[in-house]
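Kindly produce the complete structure, drawing on both the sequences and the hints.
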Amino acid sequence: MARSATADLEARVAALAARLPRVRRLVVGFSGGPDSTALLLTAARGSGPWCVEALHVDHSLSPESGAWAEHCAQVSAALEVEFVSRQVRVVRAGDGEEAAARRARFAAFEAHLDSETLLLLAQHREDQAETFLQRALRGSGPAGLGAMTPLRSLGAGWLGRPFLDVPREALAQEVRAAGLPTIDDPMNDDLRLERGHLRRRVLPELRERRQGLDAALARTAELCRESGEMLDWFADRELACRLEDGGRRFSLAGFAQLPDGVQRLVLRAWLAALGQRAIPRVRLEAFRKQLGARPDAAVALELDGLWLRRYRDELFATDALAVPTGWSQVWRGPHLELPADCGALEWRHLEDGGLMDPGIEPVVRFRDGGERLPLPDGRGHRTLKALLQARGVPPWERLRLPLLEHEGELMAVPGVFASPRWEALLAARCCQLRLVRPVRT
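Numbering follows this note's numbering, with no gaps: position 122 of the sequence shown is 122.
The hints are simulated quantities; they were obtained by calculation from the structure and are not laboratory data.
Heads up, the beta-carbon is just placed ideally off N, CA and C, and yes, glycines get one too.
Certain hints may be false.
Have a look at the derived ranges for each label pair, beta carbon to beta carbon [as the list claims (entries may be wrong)]:
1. A297 / Q87: 52 to 58 Å
2. R45 / W307: 53 to 59 Å
3. E226 / R45: 30 to 36 Å
4. D313 / T149: 34 to 40 Å
5. S115 / A272: 20 to 26 Å
6. D319 / D8: 51 to 57 Å
7. Q87 / P295: 56 to 62 Å
8. A428 / S115: 54 to 60 Å
Written as C-alpha coordinates, this is what we have:
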(Lines of atoms letter the chains of each structure in order from A and count residues from 1; the text may use other names and numbers.)
(Lines give C-alpha, C1' and ligand atoms only; values in the text may rest on other atoms or scores of the structure.)
Protein backbone atom coordinates (compact mmCIF):
# COMPACT_ATOMS: atom_id res chain seq x y z
CA MET A 1 0.00 0.00 0.00
CA ALA A 2 1.20 3.51 -0.72
CA ARG A 3 2.75 5.25 2.23
CA SER A 4 0.07 7.96 2.11
CA ALA A 5 -2.67 5.36 2.62
CA THR A 6 -0.72 3.74 5.47
CA ALA A 7 -0.21 7.12 7.09
CA ASP A 8 -3.95 7.80 6.75
CA LEU A 9 -4.81 4.66 8.73
CA GLU A 10 -2.23 5.52 11.39
CA ALA A 11 -3.63 9.05 11.60
CA ARG A 12 -7.14 7.68 12.16
CA VAL A 13 -6.00 5.57 15.10
CA ALA A 14 -3.96 8.42 16.56
CA ALA A 15 -6.81 10.93 16.19
CA LEU A 16 -9.24 8.62 17.97
CA ALA A 17 -6.84 7.94 20.84
CA ALA A 18 -5.99 11.64 21.14
CA ARG A 19 -9.63 12.36 22.03
CA LEU A 20 -8.99 10.58 25.34
CA PRO A 21 -6.08 12.34 27.11
CA ARG A 22 -6.03 9.79 29.95
CA VAL A 23 -5.52 6.78 27.66
CA ARG A 24 -2.15 5.08 28.08
CA ARG A 25 -2.90 1.67 26.51
CA LEU A 26 -4.36 0.64 23.14
CA VAL A 27 -5.85 -2.86 23.12
CA VAL A 28 -6.63 -4.27 19.68
CA GLY A 29 -9.39 -6.87 19.50
CA PHE A 30 -7.45 -9.39 17.41
CA SER A 31 -9.21 -12.31 15.73
CA GLY A 32 -6.47 -12.97 13.20
CA GLY A 33 -8.66 -12.02 10.25
CA PRO A 34 -7.54 -9.51 7.60
CA ASP A 35 -9.36 -6.56 9.18
CA SER A 36 -8.07 -6.95 12.74
CA THR A 37 -4.60 -7.79 11.38
CA ALA A 38 -4.58 -4.47 9.52
CA LEU A 39 -5.64 -2.69 12.69
CA LEU A 40 -2.97 -4.37 14.83
CA LEU A 41 -0.33 -3.57 12.20
CA THR A 42 -1.47 0.06 12.11
CA ALA A 43 -1.46 0.42 15.88
CA ALA A 44 1.96 -1.23 16.18
CA ARG A 45 3.43 1.16 13.61
CA GLY A 46 2.03 4.24 15.33
CA SER A 47 4.22 6.64 17.22
CA GLY A 48 1.81 7.79 19.92
CA PRO A 49 2.58 7.69 23.64
CA TRP A 50 0.63 4.47 24.12
CA CYS A 51 1.58 0.88 24.67
CA VAL A 52 -0.13 -1.54 22.30
CA GLU A 53 -1.59 -4.92 23.19
CA ALA A 54 -3.40 -7.61 21.19
CA LEU A 55 -6.40 -9.24 22.87
CA HIS A 56 -7.73 -12.45 21.34
CA VAL A 57 -11.05 -13.93 22.48
CA ASP A 58 -11.38 -17.68 21.97
CA HIS A 59 -15.07 -18.62 21.75
CA SER A 60 -14.26 -22.37 21.55
CA LEU A 61 -16.97 -22.78 18.90
CA SER A 62 -14.66 -24.31 16.29
CA PRO A 63 -12.21 -27.23 16.53
CA GLU A 64 -9.66 -24.84 15.02
CA SER A 65 -10.00 -22.20 17.75
CA GLY A 66 -6.81 -23.31 19.48
CA ALA A 67 -4.86 -23.02 16.24
CA TRP A 68 -6.34 -19.56 15.65
CA ALA A 69 -5.17 -18.41 19.07
CA GLU A 70 -1.67 -19.70 18.31
CA HIS A 71 -1.69 -17.91 14.95
CA CYS A 72 -2.65 -14.64 16.67
CA ALA A 73 0.14 -15.10 19.20
CA GLN A 74 2.69 -15.58 16.40
CA VAL A 75 1.55 -12.51 14.44
CA SER A 76 1.63 -10.40 17.61
CA ALA A 77 5.16 -11.61 18.34
CA ALA A 78 6.25 -10.73 14.78
CA LEU A 79 4.90 -7.21 15.32
CA GLU A 80 6.52 -7.05 18.77
CA VAL A 81 3.15 -6.52 20.43
CA GLU A 82 2.15 -8.01 23.77
CA PHE A 83 -0.45 -10.76 23.30
CA VAL A 84 -3.28 -11.82 25.63
CA SER A 85 -5.79 -14.59 24.96
CA ARG A 86 -9.07 -15.05 26.82
CA GLN A 87 -11.22 -18.15 26.50
CA VAL A 88 -14.95 -17.60 26.98
CA ARG A 89 -18.02 -19.79 27.31
CA VAL A 90 -20.79 -18.99 24.85
CA VAL A 91 -24.21 -19.44 26.46
CA ARG A 92 -27.26 -19.03 24.28
CA ALA A 93 -30.16 -17.11 25.81
CA GLY A 94 -32.79 -17.59 23.14
CA ASP A 95 -31.13 -15.15 20.74
CA GLY A 96 -28.92 -17.45 18.63
CA GLU A 97 -25.26 -18.37 18.53
CA GLU A 98 -24.12 -15.15 16.83
CA ALA A 99 -25.62 -12.91 19.52
CA ALA A 100 -24.43 -15.21 22.32
CA ALA A 101 -20.87 -15.16 20.98
CA ARG A 102 -20.93 -11.37 20.77
CA ARG A 103 -22.23 -11.12 24.33
CA ALA A 104 -19.46 -13.38 25.64
CA ARG A 105 -16.81 -11.54 23.61
CA PHE A 106 -17.82 -8.13 24.89
CA ALA A 107 -17.94 -9.37 28.46
CA ALA A 108 -14.31 -10.42 28.03
CA PHE A 109 -13.45 -7.07 26.48
CA GLU A 110 -15.09 -5.13 29.28
CA ALA A 111 -13.35 -7.17 31.99
CA HIS A 112 -9.99 -6.34 30.40
CA LEU A 113 -10.40 -2.56 30.36
CA ASP A 114 -9.55 0.14 32.85
CA SER A 115 -9.91 3.92 32.78
CA GLU A 116 -6.65 4.36 30.85
CA THR A 117 -7.43 1.81 28.13
CA LEU A 118 -8.94 2.21 24.66
CA LEU A 119 -10.13 -0.98 22.99
CA LEU A 120 -9.87 -0.79 19.19
CA LEU A 121 -12.03 -2.89 16.88
CA ALA A 122 -11.55 -3.16 13.12
CA GLN A 123 -15.08 -2.79 11.74
CA HIS A 124 -14.99 -1.00 8.39
CA ARG A 125 -17.34 0.63 5.91
CA GLU A 126 -18.91 -2.60 4.67
CA ASP A 127 -19.46 -3.76 8.25
CA GLN A 128 -21.21 -0.47 8.95
CA ALA A 129 -23.49 -0.99 5.93
CA GLU A 130 -24.35 -4.50 7.13
CA THR A 131 -25.13 -3.25 10.63
CA PHE A 132 -27.35 -0.49 9.26
CA LEU A 133 -29.38 -2.99 7.23
CA GLN A 134 -29.68 -5.35 10.20
CA ARG A 135 -31.01 -2.55 12.37
CA ALA A 136 -33.38 -1.36 9.64
CA LEU A 137 -34.81 -4.86 9.24
CA ARG A 138 -35.50 -4.91 13.00
CA GLY A 139 -37.42 -1.64 12.86
CA SER A 140 -34.87 0.45 14.81
CA GLY A 141 -35.19 4.19 15.38
CA PRO A 142 -32.51 6.85 14.76
CA ALA A 143 -30.25 5.63 17.57
CA GLY A 144 -30.27 2.06 16.25
CA LEU A 145 -29.92 3.12 12.62
CA GLY A 146 -26.82 5.07 13.67
CA ALA A 147 -25.22 1.60 13.66
CA MET A 148 -21.73 1.47 15.17
CA THR A 149 -20.27 4.56 16.79
CA PRO A 150 -16.62 5.59 16.34
CA LEU A 151 -16.11 6.06 20.09
CA ARG A 152 -18.06 5.17 23.20
CA SER A 153 -17.49 4.11 26.77
CA LEU A 154 -17.22 0.41 27.60
CA GLY A 155 -17.05 -0.63 31.22
CA ALA A 156 -14.25 1.28 32.92
CA GLY A 157 -12.59 2.10 29.58
CA TRP A 158 -13.42 3.02 26.00
CA LEU A 159 -14.25 1.35 22.70
CA GLY A 160 -13.07 2.89 19.44
CA ARG A 161 -13.62 1.96 15.79
CA PRO A 162 -11.25 4.09 13.68
CA PHE A 163 -11.99 2.43 10.30
CA LEU A 164 -15.77 2.81 9.98
CA ASP A 165 -15.44 4.83 6.76
CA VAL A 166 -12.52 2.80 5.34
CA PRO A 167 -13.29 0.19 2.63
CA ARG A 168 -12.52 -3.45 3.41
CA GLU A 169 -10.21 -3.68 0.40
CA ALA A 170 -8.01 -0.86 1.70
CA LEU A 171 -7.35 -2.89 4.86
CA ALA A 172 -6.72 -6.05 2.84
CA GLN A 173 -4.15 -4.20 0.72
CA GLU A 174 -2.35 -3.04 3.85
CA VAL A 175 -2.03 -6.62 5.10
CA ARG A 176 -0.88 -7.96 1.72
CA ALA A 177 1.74 -5.24 1.45
CA ALA A 178 3.11 -6.21 4.85
CA GLY A 179 3.16 -9.90 3.94
CA LEU A 180 1.28 -10.92 7.08
CA PRO A 181 -0.69 -14.20 7.19
CA THR A 182 -4.37 -14.12 8.12
CA ILE A 183 -7.11 -16.59 8.97
CA ASP A 184 -10.76 -16.71 8.01
CA ASP A 185 -13.55 -17.72 10.39
CA PRO A 186 -16.20 -19.68 8.42
CA MET A 187 -18.86 -18.19 10.72
CA ASN A 188 -18.36 -14.83 9.00
CA ASP A 189 -19.85 -16.24 5.79
CA ASP A 190 -22.39 -18.65 7.32
CA LEU A 191 -25.60 -18.10 5.35
CA ARG A 192 -27.64 -19.38 8.28
CA LEU A 193 -26.69 -16.26 10.19
CA GLU A 194 -28.34 -12.94 9.38
CA ARG A 195 -25.10 -11.05 8.85
CA GLY A 196 -23.66 -13.81 6.65
CA HIS A 197 -26.81 -13.80 4.52
CA LEU A 198 -26.64 -10.03 4.10
CA ARG A 199 -22.93 -10.17 3.31
CA ARG A 200 -23.03 -12.93 0.71
CA ARG A 201 -26.50 -12.69 -0.83
CA VAL A 202 -28.24 -9.37 -0.26
CA LEU A 203 -25.51 -6.75 -0.40
CA PRO A 204 -23.70 -8.11 -3.52
CA GLU A 205 -26.95 -7.84 -5.49
CA LEU A 206 -27.60 -4.34 -4.20
CA ARG A 207 -24.05 -3.28 -5.11
CA GLU A 208 -24.65 -4.39 -8.69
CA ARG A 209 -27.61 -2.03 -8.88
CA ARG A 210 -26.25 0.90 -6.90
CA GLN A 211 -22.71 2.16 -7.24
CA GLY A 212 -21.25 3.45 -3.97
CA LEU A 213 -23.85 1.57 -1.92
CA ASP A 214 -21.66 0.96 1.13
CA ALA A 215 -20.59 4.59 1.36
CA ALA A 216 -24.22 5.71 1.00
CA LEU A 217 -25.45 3.37 3.75
CA ALA A 218 -22.58 4.35 6.03
CA ARG A 219 -23.39 8.03 5.42
CA THR A 220 -27.08 7.39 6.20
CA ALA A 221 -26.05 5.67 9.43
CA GLU A 222 -23.96 8.70 10.35
CA LEU A 223 -26.89 11.05 9.70
CA CYS A 224 -29.18 8.85 11.79
CA ARG A 225 -26.62 8.86 14.59
CA GLU A 226 -26.47 12.67 14.48
CA SER A 227 -30.27 12.85 14.54
CA GLY A 228 -30.33 10.46 17.49
CA GLU A 229 -27.82 12.60 19.36
CA MET A 230 -29.91 15.72 18.78
CA LEU A 231 -33.06 13.95 19.96
CA ASP A 232 -31.24 12.69 23.06
CA TRP A 233 -30.02 16.23 23.78
CA PHE A 234 -33.56 17.59 23.49
CA ALA A 235 -35.02 14.79 25.62
CA ASP A 236 -32.41 15.34 28.33
CA ARG A 237 -33.21 19.05 28.48
CA GLU A 238 -36.95 18.41 28.69
CA LEU A 239 -36.38 15.72 31.32
CA ALA A 240 -34.15 17.94 33.49
CA CYS A 241 -37.02 20.44 33.82
CA ARG A 242 -39.35 17.74 35.15
CA LEU A 243 -37.32 15.82 37.72
CA GLU A 244 -37.27 16.25 41.49
CA ASP A 245 -36.25 14.18 44.51
CA GLY A 246 -32.99 12.96 43.00
CA GLY A 247 -34.68 12.04 39.73
CA ARG A 248 -37.36 9.83 41.29
CA ARG A 249 -40.27 12.26 40.77
CA PHE A 250 -41.38 13.29 37.30
CA SER A 251 -43.68 16.25 36.76
CA LEU A 252 -46.49 15.66 34.27
CA ALA A 253 -47.37 19.36 34.03
CA GLY A 254 -47.85 20.10 30.34
CA PHE A 255 -46.66 16.63 29.38
CA ALA A 256 -49.85 15.77 27.51
CA GLN A 257 -49.32 18.80 25.25
CA LEU A 258 -46.00 17.46 23.95
CA PRO A 259 -46.03 15.52 20.65
CA ASP A 260 -46.40 11.77 21.12
CA GLY A 261 -42.88 11.07 19.86
CA VAL A 262 -41.39 13.58 22.29
CA GLN A 263 -43.32 11.98 25.17
CA ARG A 264 -41.83 8.60 24.27
CA LEU A 265 -38.33 10.07 24.03
CA VAL A 266 -38.57 11.75 27.43
CA LEU A 267 -39.99 8.66 29.13
CA ARG A 268 -37.22 6.51 27.66
CA ALA A 269 -34.63 9.06 28.81
CA TRP A 270 -36.06 8.91 32.34
CA LEU A 271 -35.98 5.11 32.36
CA ALA A 272 -32.38 5.16 31.20
CA ALA A 273 -31.49 7.66 33.94
CA LEU A 274 -33.10 5.28 36.45
CA GLY A 275 -30.84 2.49 35.19
CA GLN A 276 -33.58 0.58 33.42
CA ARG A 277 -32.96 -1.28 30.19
CA ALA A 278 -35.11 -0.36 27.21
CA ILE A 279 -38.64 -1.75 27.35
CA PRO A 280 -40.66 -2.85 24.31
CA ARG A 281 -42.32 -0.01 22.43
CA VAL A 282 -45.78 -1.60 22.76
CA ARG A 283 -45.54 -1.66 26.56
CA LEU A 284 -44.18 1.88 26.77
CA GLU A 285 -46.90 3.13 24.44
CA ALA A 286 -49.65 1.54 26.52
CA PHE A 287 -48.27 3.25 29.63
CA ARG A 288 -47.94 6.60 27.83
CA LYS A 289 -51.57 6.47 26.72
CA GLN A 290 -52.70 5.66 30.26
CA LEU A 291 -51.03 8.88 31.40
CA GLY A 292 -53.54 10.76 29.26
CA ALA A 293 -56.39 9.42 31.40
CA ARG A 294 -58.06 11.54 34.05
CA PRO A 295 -55.67 12.75 36.80
CA ASP A 296 -57.22 10.59 39.52
CA ALA A 297 -56.83 7.36 37.51
CA ALA A 298 -54.46 4.80 39.05
CA VAL A 299 -51.64 4.32 36.54
CA ALA A 300 -48.64 2.10 37.23
CA LEU A 301 -45.89 0.34 35.30
CA GLU A 302 -43.87 -2.51 36.82
CA LEU A 303 -40.30 -2.93 35.60
CA ASP A 304 -37.27 -4.85 36.86
CA GLY A 305 -37.55 -4.16 40.58
CA LEU A 306 -39.01 -0.71 39.95
CA TRP A 307 -42.50 0.78 39.80
CA LEU A 308 -43.60 3.94 38.02
CA ARG A 309 -46.79 5.19 39.69
CA ARG A 310 -48.90 8.23 38.94
CA TYR A 311 -50.40 10.42 41.62
CA ARG A 312 -52.12 13.63 40.58
CA ASP A 313 -49.75 15.44 38.24
CA GLU A 314 -46.59 13.49 38.98
CA LEU A 315 -44.95 10.16 38.31
CA PHE A 316 -43.04 8.51 41.15
CA ALA A 317 -40.29 5.92 40.72
CA THR A 318 -40.46 3.54 43.66
CA ASP A 319 -39.19 0.14 44.62
CA ALA A 320 -41.59 -2.76 45.02
CA LEU A 321 -42.97 -1.50 48.34
CA ALA A 322 -44.19 -3.89 51.00
CA VAL A 323 -47.10 -2.90 53.25
CA PRO A 324 -46.60 -3.66 56.95
CA THR A 325 -49.73 -5.18 58.44
CA GLY A 326 -50.55 -6.14 62.00
CA TRP A 327 -47.34 -4.60 63.35
CA SER A 328 -47.13 -2.48 66.49
CA GLN A 329 -44.47 -1.91 69.11
CA VAL A 330 -43.86 0.14 72.22
CA TRP A 331 -40.93 2.42 71.43
CA ARG A 332 -38.34 2.68 74.15
CA GLY A 333 -35.03 4.40 73.54
CA PRO A 334 -33.69 6.88 70.98
CA HIS A 335 -33.98 4.75 67.79
CA LEU A 336 -36.54 2.38 66.29
CA GLU A 337 -36.17 0.40 63.04
CA LEU A 338 -39.47 0.07 61.21
CA PRO A 339 -40.51 -3.08 59.30
CA ALA A 340 -40.91 -3.54 55.54
CA ASP A 341 -38.10 -1.11 54.71
CA CYS A 342 -40.21 1.81 55.96
CA GLY A 343 -37.20 3.52 57.52
CA ALA A 344 -36.52 4.35 61.17
CA LEU A 345 -37.73 6.71 63.89
CA GLU A 346 -35.33 8.78 65.97
CA TRP A 347 -35.51 11.15 68.90
CA ARG A 348 -33.13 14.09 68.35
CA HIS A 349 -32.15 16.89 70.71
CA LEU A 350 -33.42 20.28 69.53
CA GLU A 351 -30.16 22.10 70.23
CA ASP A 352 -27.36 19.83 69.04
CA GLY A 353 -29.31 17.32 66.91
CA GLY A 354 -27.87 14.36 68.80
CA LEU A 355 -29.76 11.17 69.56
CA MET A 356 -31.56 11.19 72.91
CA ASP A 357 -34.06 9.26 74.98
CA PRO A 358 -36.86 11.62 76.08
CA GLY A 359 -38.46 9.06 78.36
CA ILE A 360 -41.61 8.87 76.26
CA GLU A 361 -42.84 5.39 75.33
CA PRO A 362 -45.41 5.72 72.52
CA VAL A 363 -46.99 2.81 70.69
CA VAL A 364 -45.92 2.80 67.05
CA ARG A 365 -48.18 1.15 64.48
CA PHE A 366 -49.38 1.55 60.90
CA ARG A 367 -52.78 2.45 59.48
CA ASP A 368 -55.80 0.23 59.91
CA GLY A 369 -58.20 2.72 58.37
CA GLY A 370 -60.73 5.08 59.93
CA GLU A 371 -58.17 6.94 62.11
CA ARG A 372 -59.33 10.36 63.33
CA LEU A 373 -57.23 13.29 64.48
CA PRO A 374 -58.17 16.10 66.88
CA LEU A 375 -58.46 19.51 65.26
CA PRO A 376 -55.98 22.15 66.52
CA ASP A 377 -58.80 24.26 68.02
CA GLY A 378 -60.14 21.28 69.95
CA ARG A 379 -63.46 21.44 68.11
CA GLY A 380 -63.96 17.99 66.73
CA HIS A 381 -61.86 15.64 64.66
CA ARG A 382 -60.68 15.13 61.10
CA THR A 383 -59.98 11.83 59.38
CA LEU A 384 -56.35 10.93 58.75
CA LYS A 385 -57.28 9.94 55.20
CA ALA A 386 -58.52 13.47 54.45
CA LEU A 387 -55.37 15.00 55.91
CA LEU A 388 -53.08 12.73 53.90
CA GLN A 389 -54.98 13.60 50.74
CA ALA A 390 -54.73 17.31 51.52
CA ARG A 391 -50.98 16.97 52.11
CA GLY A 392 -50.51 15.19 48.79
CA VAL A 393 -49.19 11.93 50.26
CA PRO A 394 -49.38 9.27 47.50
CA PRO A 395 -51.73 6.34 48.23
CA TRP A 396 -48.96 3.71 48.27
CA GLU A 397 -47.11 5.70 50.98
CA ARG A 398 -50.11 6.18 53.25
CA LEU A 399 -50.01 2.61 54.52
CA ARG A 400 -46.26 2.90 55.16
CA LEU A 401 -46.35 5.95 57.42
CA PRO A 402 -45.89 5.14 61.11
CA LEU A 403 -48.54 6.37 63.57
CA LEU A 404 -47.63 7.24 67.16
CA GLU A 405 -50.15 6.77 69.98
CA HIS A 406 -49.62 7.96 73.54
CA GLU A 407 -51.91 7.27 76.45
CA GLY A 408 -54.53 5.83 74.09
CA GLU A 409 -54.62 8.85 71.74
CA LEU A 410 -53.24 9.20 68.21
CA MET A 411 -50.65 11.92 68.70
CA ALA A 412 -48.51 12.13 65.59
CA VAL A 413 -47.80 11.01 62.04
CA PRO A 414 -44.21 12.12 61.31
CA GLY A 415 -44.04 14.78 58.63
CA VAL A 416 -47.83 15.02 58.41
CA PHE A 417 -49.48 15.66 61.77
CA ALA A 418 -48.67 16.42 65.41
CA SER A 419 -51.30 17.27 68.01
CA PRO A 420 -50.79 20.37 70.18
CA ARG A 421 -50.50 18.13 73.23
CA TRP A 422 -47.77 16.12 71.51
CA GLU A 423 -45.83 19.21 70.47
CA ALA A 424 -45.97 20.55 74.01
CA LEU A 425 -44.74 17.22 75.35
CA LEU A 426 -41.71 17.23 73.02
CA ALA A 427 -40.95 20.91 73.58
CA ALA A 428 -40.77 20.33 77.33
CA ARG A 429 -38.07 17.75 76.72
CA CYS A 430 -36.17 19.78 74.05
CA CYS A 431 -36.81 16.91 71.69
CA GLN A 432 -37.87 16.42 68.10
CA LEU A 433 -39.07 13.35 66.21
CA ARG A 434 -37.52 12.36 62.89
CA LEU A 435 -38.56 9.76 60.33
CA VAL A 436 -35.43 8.62 58.47
CA ARG A 437 -36.22 7.13 55.08
CA PRO A 438 -33.95 4.58 53.35
CA VAL A 439 -31.67 6.09 50.70
CA ARG A 440 -32.90 5.22 47.20
CA THR A 441 -30.36 4.96 44.40
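Taking the hints in turn, this is what the structure says about them:
1. A297 / Q87: 52 to 58 Å: With a Cβ separation near 54 Å, A297 and Q87 satisfy 52 to 58 Å, so the hint holds.
2. R45 / W307: 53 to 59 Å: Holds, at about 55 Å.
3. E226 / R45: 30 to 36 Å: Distance hint for E226, R45 holds at roughly 32 Å.
4. D313 / T149: 34 to 40 Å: holds (37 Å)
5. S115 / A272: 20 to 26 Å: This hint holds: roughly 22 Å between Cβ atoms.
6. D319 / D8: 51 to 57 Å: Given a distance of about 53 Å, which is inside 51 to 57 Å, the answer is holds.
7. Q87 / P295: 56 to 62 Å: holds (57 Å)
8. A428 / S115: 54 to 60 Å: Given range 54 to 60 Å: holds, Cβ gap about 57 Å.
Hint compliance for this structure: no hint is broken.
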